[in-house]
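There are 2 protein chains.
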Amino acid sequence: MAKDKKLVESITSMDVDFAQWYTDVVKKAELCDYASVKGCMVIKPAGYAIWENIQKELDSRFKETGVENVYMPLFIPESLLEKEKDHVEGFAPEVAWVTHGGLDPLQERLCVRPTSETLFCDFYAKDIHSYRDLPKVYNQWCSVVRWEKTTRPFLRSREFLWQEGHTAHATAEEAEERTIQMLNLYADFCEEVLAIPVVRGQKTDKEKFAGAEATYTIESLMHDGKALQSGTSHNFGDGFARAFDIQYAAKDNSLQYVHQTSWGMTTRMIGAIIMVHGDDNGLVLPPRIAPTQVVIVPVQMQKEGVLDKAFEIKAALKGFKVKVDDTDKSPGWKFSESEMRGIPVRVEIGPRDMVNNEAVLVRRDTHEKITVSLDNIAEEVEKLLDTIQHDMLEKARAHRDAHTYVATDLDSFVDTVNNKPGFVKAMWCGCQECEDKIKELTAATSRCMPFEQEQLSDKCVCCGKPATKMVYWGRAY
Amino acid sequence: MAKDKKLVESITSMDVDFAQWYTDVVKKAELCDYASVKGCMVIKPAGYAIWENIQKELDSRFKETGVENVYMPLFIPESLLEKEKDHVEGFAPEVAWVTHGGLDPLQERLCVRPTSETLFCDFYAKDIHSYRDLPKVYNQWCSVVRWEKTTRPFLRSREFLWQEGHTAHATAEEAEERTIQMLNLYADFCEEVLAIPVVRGQKTDKEKFAGAEATYTIESLMHDGKALQSGTSHNFGDGFARAFDIQYAAKDNSLQYVHQTSWGMTTRMIGAIIMVHGDDNGLVLPPRIAPTQVVIVPVQMQKEGVLDKAFEIKAALKGFKVKVDDTDKSPGWKFSESEMRGIPVRVEIGPRDMVNNEAVLVRRDTHEKITVSLDNIAEEVEKLLDTIQHDMLEKARAHRDAHTYVATDLDSFVDTVNNKPGFVKAMWCGCQECEDKIKELTAATSRCMPFEQEQLSDKCVCCGKPATKMVYWGRAY
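As they're listed, the protein sequences go chains S and R. Here numbering that gives the first Met the number 0 is used: the first residue of the first sequence is 0, the next is one more, and so on. Here numbering that gives the first Met the number 0 is used: the first residue of the second sequence is 0, the next is one more, and so on.
Hints were generated in silico from the structure; no laboratory data involved. What you are looking at is a predicted structure, and each value in this text was computed from that prediction instead of being measured. Every residue, glycine too, gets a C-beta built ideally from N, C-alpha and C. A couple of the hints might just be wrong.
Which stretches of chain S does chain R cover? Using the computed rule of at least three CB atoms under 8 Å from a CB of chain R, they are [what the hints assert, rightly or not]:
1. 47-53
2. 63-69
3. 74-86
4. 90-102
5. 114-125
6. 348-362
Next up, chain S with everything else stripped away, as it sits in the complex (with noise of 0.2 Å):
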């Protein structure tokens, strides 16, 4: 029984220290390991199947909105990333710089891209002439560098996969309309598939995207408290077109500047399913996103019919992801490690079952077990699969709210981000002074001014000032 444990035992406690808990279940999950380059992750079988999971989901819904996936180049030569100017003022002192190809030193030297609007802009100056031609509503799945100084798996690393949509527009509106039918995509996918509820809102012009005249974004809450931006789509007006030169003949002929949209999402989001859901166990996995949604483990496997039994019920269970787990360790290894994984379902099943014609379900994210007959089993394991997809949604949602303050002075809000990790909701009068000075007391930055807003109070909480609009602030990831 000691060896049993020991898969759990060597996992930190999450109330003990978060970080280490964090650091232990991505090694323990096997979802992704340190790289000999420094700064770069090694994404494993267990994290990478998360990550087709999240594409293929994404890239459906993606499809359905019209959009067409292409691929641009790695390589961005330095004259066209300062076309831009906030743009390259953002991305400069972070990207990496390709100056030699084989033996050669190269005439420009190249970054590998940090993103890939300037690529993008590069390409609809020479292929867009014609209003016929608009719009433009391209993504590409890829890779990207920033060299962040200090990283963390998932969650800041030097190089991400991500999907990056790059659109081009007649009109303004259009783009608007864009921008926030897919910051919608994004939050509805993260509570129908990922289980973890967002805030919509817009970004203060301090933190939006270099180069964007609107940024939205959904914010979520980790269990530690901290929150993440989880997904963010950026309005640029016609701001590149104009750098760029983009211009279209109107069905008038008059030549037009397009309006441009970007809306990305990050392999961050393992880490954010990682750090709402997980438990002390380890991993807690939506069941719709889950690589494996059940596992069997069969009980004294040596017994006959046992093992038959297994792959009986895996053979009911046919549309589900299902794995029986047939290896020669112990069953209560088995049980460890699939909890460790995060595998939403676990079926029991045993001599003494079969004899009742029975198995046992447990459930990954409440630890109830359900007896169920054999006879109804698939029906059985859909409707927990549903129920546990809920639930998890529900708590997320109810720990989001139970950790999301309100402050009206600055007093008190100074002493909730101190004392009180989460959310802090409080009125802010729009000047950058004042979010300077409440990150410097606090270490929060303004995640976002929701669309849902609410009059807490007609001042601002820092300067006192008539507030403009009411923002959640929060340590971030």
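For chain S, the structure is supplied; the task is to place chain R on it using the hints.
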């Protein structure tokens, strides 16, 4: 009508200038475009959709054999690349080097992966301890960079997309088995899905992969008689394991080196599809890889009921990938465009067809027109797509066979290569001097030593010494 034909007329005939024809098709079918970064390409929606279908089909075939997907870093530290002597010699002259991260020079320069053997080895050295950890059958989908001097869209570019499988096994036999298994998987995929017949065989030592013990290849023949290496599978033996110290404890507790393989297929297969199947009207796509299998073109679209009928037909064809072209272009333009894009079947429906309860199906590969009743159009389309898929493979095979020659002496060998583009089968003594001499004389290289050997003569076609192998030779892309 002049306008209708413009799209087609602007393509160079393949018999006049095959290289220009290829470039024209790539451009007019909107598969890809040159990027601002020299030698890199933008893969446009029509090209990327083909790649997505290749990925989907290959990935599912991989997974059926137990392959798991992972993701390794984009960068390789110089010291890591240098660990295996042959490998670094093969790749160092053609890699891109990152020397700066943000504003600071790097302590050690990093190359952008040209292939990831060294990264997988570095990971396996840390991750493999016992025979229980074997086999590792990992794959990744990513882009790689090789600083080529001359480039052509899809066929040779500085960055391309591919998958690279990397496996580690307990025994030499198991590694060899996996190497051959993956080669056969590639061959079956090419023939069954891309309708491209291939020759399966082994590369000579001169042509094998840098660091491999044996390289297996599938070679296909393009319409112009030039060969294209279409997929390779390498057996590394324990060479990399020794260089990277990848050892495992065997059942008897002895320490053993693992045996490794790698295998890859790339976006150059899109070039192969173009050059094997295309004609003077543009691209011709095999139904199983076509992003759109059927285009429905309403004729006299303004007449009442025509457009409705077109969408009715689309609804009847559910299960296929179907588009209705309801743009305001003329039918003639739409016909040309659907041919340029290579859509396997065109359905023409107009008022007269409706009176007769009929539609006209037009095959892209043969231009044959078939009138069918609307009552059983789904069955007819299904049958026709199967026929096209079958016929395209047979046509390509007949072309390949008609352009495969035999030479038993050097004069006829040189004459054949110079005057009859295609494969030349000839006996070889096994020494590199003869390979070098043949290449110098004819620019033809040894493509492979096919698994299906024939005894054409008992003397080397070049030096006249005793022959050991029959070899396929040819000029290649």
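Check each numbered hint from earlier against the structure, then list the numbers of those it violates in ascending order.
Violated hint: only 6; rest satisfied.
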